[in-house]
Structures are given as C-alpha cells and as structure tokens.
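Engineer: Sequence:
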Amino acid sequence: MRLYDTESRRLIELDKKPGDSVVGYVCGITPYDEPHLGHVRTALVFDLFQRFLQSMGYKPVFISNFTDVDDKIIERSKALSVHPLALAETYERAYYRLMDYLNVKPLYIYGRVSQVMPDIIDAVEKLIQRDYAYVTPDGVYFSVGKFPDYGILSGRNAEDISQMEARIEPSPYKQDSRDFAIWKARKPSDNIWWDSPWGDGRPGWHIECSVISIKFGTYPLDFHGGGADLIFPHHENERAQSEALMGEKPFAKIWMHTGMLRIGQEEMHKSLGNFIGAQEIMEQYDPDVLRYLLLSTYYRDAVTFSAESYAQADATVKNIRAYKERLNWITTEGEIRDFVVNVLEEVKKDFTSYLEEDLNTAGALSCVHRVMSQLSTDQVNRKEASLIRDFLAFSMEDIFGLRLLPESQFDDSLVQDLVDLRNELRKEKKFLEADSVRNLLSKHGITIEDTKNGTRWIKE
RNA sequence: GGCGCUUUGGCCGAGCGGUAAGGCACGGGACUGCAAAUCCCUGAAGGGCGGUUCGACUCCGCCAGGCGCCUCCA
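Residue numbers (the working numbering): 1 to 460.
No wet-lab data here; the hints were simulated from the structure.
Any given hint might turn out to be false.
[Stated by the list, open to error] List time: in silico DMTMM-like cross-link candidates among lysine to aspartate or glutamate, alpha-carbon distance up to 25 Å:
1) Lys383 with Glu460
2) Lys452 with Asp412
3) Lys59 with Asp412
4) Lys383 with Glu346
5) Lys318 with Asp412
Let's have the full structure, built from the sequences with the hints guiding it.
Structural biologist: This is the structure:
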C-alpha cells in the first residue's frame with residue numbers, strides 16, 4: 001500500500017509483505033484536561049489504519065504516549081492541589097474510556113514520560129556528548145545549527161524560523177533562537193522534578209517521543225503519525241533529536257499527519273466556545289455515527305463537524321443498520337447466483353484498493369453503498385444474504401469499526417405484542433389507534449414495515 | 001510576513017488527461033387504510049482568466065475565495 005509522506009510530499013510504498021510487522025508511533029495527548037473531538041479524529045484514523053493492516057495480514061505494532069510531565073499539567077495540578085501525575089492519570093483514564101466508547105482498539109503500548117526518565121536522561125547525556133546539545137543554567141538545549149537538515153519536514157528554512165516570534169519565554173542562555181529545551185531546570189514553582197547530571201529538572205516536550213518510540217519501537221519507524229498541528233515544531237524537533245541521537249537517518253520512513261477538525265458555524269457548545277469534550281461526546285453522540293462522519297473524509301484534509309454533517313452521517317448509518325437488519329428477514333430460498341458473487345468480489349477488491357491508496361476511506365465507503373443498491377434486500381435469497389452480511393462484517397465492522405448494533409433498548413417481545421396489537425386495530429379499521437401505536441414504537445427507534453408477507457419491524 | 005492545503009450538484013464527498021463514484025436531502029412511480037419503511041426511476045456539479053494538449057475537472061501559471069500551521073495544541 002502507499003501512504004502520503006509529509007516530508008517528501010509524495011506517496012511512498014509501505015515496503016512490507018504479509019506477515020511483516022508494521023511499527024509506527026502516533027503522538028498521543030497531554031492529559032491535563034478531558035480529551036476532545038480533535039483527539040478522536042486522529043485516534044479514529046489510526047485505528048482504521050491498524051485494523052486495515054491487520055486485515056491485510058500485517059502485524060501492526062502501534063505505539064503511543066501520554067505526556068504526563070508538562071507545563072500545563074503542573075499548572076493545573078497546582079490549581080487543583082493534586083499531584084501532577086494523579087491529574088495526568090485521571091485524564092488518561094478518561095481517554096481510555098472515550099476510546100472504549102468509540103470502539104477504538106488498544107494500541108500495542110502507551111508510553112509515559114514519567115516511566116522513561118532514565119532513558120530520557122541517557123538520551124540527553126548522549127546528545128551532549130555528541131555535541132548536539134549544550135548545558136546552561138536553565139536547562140539543556142538542542143543545538144539546531146548542528147543539524148543541517150533541520151526544517152525539511154515542515155518546509156521551513158533558518159530565516160523563517162528565526163523570524164518567528166517565540167511564544168515561550170525566551171531564554172538568555174540560548175545560543176540560537178531556534179534551539180529548544182530538551183531538559184528544563186527545576187523552577188521554584190515546579191511541583192515535580194527528577195535528579196539529573198545537570199541538576200533537578202524535567203524533560204522538554206519533544207524528547208519524550210523520541211525516547212519512547214526508540215525504546216518501544218524500531219529504528220527507523222515504519223511510520224510516525226500525529227495531528228498536522230504537530231508538524232512544527234514538535235515533529236521537526238523530534239526528528240532532529242532522534243537522528244542526532246542515533247547517528248543515522250531516517251527516524252521515520254513515512255510521516256503521516258491527520259487534518260484538523262473544525263467545528264461548524266452552528267455553535268454546538270456555548271460557554272466553552274467550540275470545545276466538544278469526552279463527556280459531551282459520550283452523552284450525545286453515537287460512536288458509529290462519529291466514526292462514519294470522521295472517516296468519510298480523506299484523513300489529511302480538515303473535516304468540519306456540524307449539526308448538519310452529523311445529521312447526514314446519522315441518516316446514513318441508520319440506513320446501513322436497517323439494511324443489515326433486513327438481511328435477516330430474507331426467507332427466499334435459492335442457490336447463490338453468479339452475479340451476486342461477482343458484485344461482492346468486485347466491491348471487495350475495490351474496497352481494499354481504495355484503502356491501499358493512502359487510506360481513501362470515502363472511496364471505500366462508496367463500495368459498501370454499491371452493495372446496498374446493487375444487492376437490494378428484496379432481490380437476494382437467504383444464502384446470498386449471508387454472504388452480504390460477511391462483507392458488511394468485514395468492511396464496516398472490522399475495518400471501519402462500526403458496531404452496527406441497534407440503538408433501541410426496547411424489549412423484543414414487548415415490540416412484538418405492540419405490533420400484533422396494531423395489526424388487530426388495523427383489521428378493525430381503527431386506524432387512528434393503530435397509528436398511535438406505530439408512533440409510540442417509532443419514538444423508541446422501532447421502524448415498522450408493512451409488506452405483503454405481513455408486518456416486520458426493525459430496531460434502529 | 002513565512003510554509004502549506006483547498007475551491008466538485010441543495011448539502012457532504014471521491015476517482016479520473018477523453019465529458020464526473022457514493023451518501024444525505026429533493027422529485028416521480030409501485031406498494032399502503034393513510035403513512036412510514038422498502039423497491040424502481042429521475043434530475044442536478046468541478047471559483048475566474050489564460051497556457052500546454054487532438055482533448056483538462058484532472059497538468060502549469062495568474063487572480064479571487066476558504067482553511068490550517070508558524071515553538072500550548074491530535
């Protein structure tokens with residue numbers, strides 16, 4: 001399969017055979033607050049990638065991290081009077097809960113800064129020894145000028161970067177404004193620190209990802225991923241450090257970046273602006289619908305989340321679920337016909353080809369709809385329906401990660417009683433009453449279909 | 001100011017150098033007590049101006065609009 005590489009700006013063949021492992025690192029979150037929809041988008045993209053690799057016979061080894069030592073965590077933990085690592089753990093758990101809700105498969109390993117401190121100190125030490133970093137009173141800095149390739153990932157040259165206005169506190173000890181901290185000396189206000197050869201302190205932001213990916217992954221990585229907002233400076237710095245540390249390139253064969261999530265004009269959240277957090281997601285949004293919506297756009301493009309886009313995805317997902325339910329009604333007997341086999345084979349081939357070409361999820365989804373329109377439920381027999389169910393299980397459930405389970409919690413026998421009651425009323429021509437039963441069921445997510453062979457119902 | 005992306009039907013959203021998937025919504029028909037759902041059918045599209053080409057939505061350039069990033073950020 002081919003994947004777009006941010007650094008070379010072209011598609012690169014993932015040079016793997018079935019059975020090979022594919023080792024990748026995906027930058028995770030800083031757990032200082034609850035995770036939000038933007039995190040979800042990235043997580044879903046890499047979840048689909050992992051699922052797809054698995055289905056193709058590769059062995060995905062995906063690594064991610066929690067930045068549990070960080071300025072924001074320190075700040076927030078002081079405000080809340082809790083231990084910074086306890087705060088991080090709280091939101092780390094919130095992240096797992098959200099991923100579970102969204103049916104995201106766990107990754108191979110999640111690293112944490114606090115757990116790899118000796119490795120980080122070792123890495124900093126090596127960078128100093130190799131003259132890529134220097135010690136100052138307020139920390140250890142990476143010397144960007146010593147790394148000639150600096151900037152090629154994000155497409156920035158030295159002048160561009162020098163002209164940037166630093167948002168972080170400038171340090172008088174920096175030799176070059178582009179240099180960045182790989183170790184920060186302890187400040188009096190810090191509530192967490194570690195011993196090091198350069199005094200008490202803690203790691204800079206970027207070093208953790210280099211260390212965790214090298215420790216738990218391979219060098220080079222088959223791919224390195226994350227949100228597009230991390231390209232600069234995070235990934236640029238990570239790349240420089242890692243290649244300086246290992247003395248060879250590349251750090252990652254392919255850099256994959258997910259586009260940002262936009263919240264549409266419709267203000268879905270009043271007080272906090274456009275922030276849609278985990279709690280709200282789990283209370284208000286269906287995981288299947290979110291998956292469909294966020295995976296129906298090319299992963300590198302920005303995706304807009306709005307009431308309308310959600311409603312469209314919701315309608316589509318309901319149709320897919322209903323189609324799947326209807327397959328179960330089919331009683332027509334018969335042998336499997338060639339045209340059904342042909343449609344399914346062709347569609348399955350296309351589905352895979354789309355995903356193999358830089359995860360074209362929109363194209364892949366069109367294959368599923370082609371099945372639904374070309375093999376409508378009143379035209380196939382029971383054996384054929386079973387083949388179609390297999391395709392849906394493979395495409396929508398295994399790869400896209402939808403559960404396709406009915407939402408309605410209504411008890412089946414109660415539904416049947418109400419359906420029977422309605423049919424009695426219809427026979428007696430008490431249509432108003434019959435309609436009110438139908439409306440009641442509809443309110444609870446039960447759709448009734450009156451057919452020549454009697455009344456059927458499905459849960460949505 | 002710098003780097004980059006983007007502009008497809010009412011909306012969402014793909015592929016493709018030879019006149020454009022799929023979805024949602026809409027319309028028509030069948031069915032129905034009426035509906036709903038289903039099934040069948042249908043209409044409708046590549047910002048503007050140039051260039052390359054036998055031919056461009058697809059490549060190149062310019063212009064206009066939109067968006068992202070520029071050391072907090074998935």
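Engineer: Compare the structure with the hints numbered earlier in the document and write down the numbers of the violated ones, lowest to highest.
Structural biologist: 3
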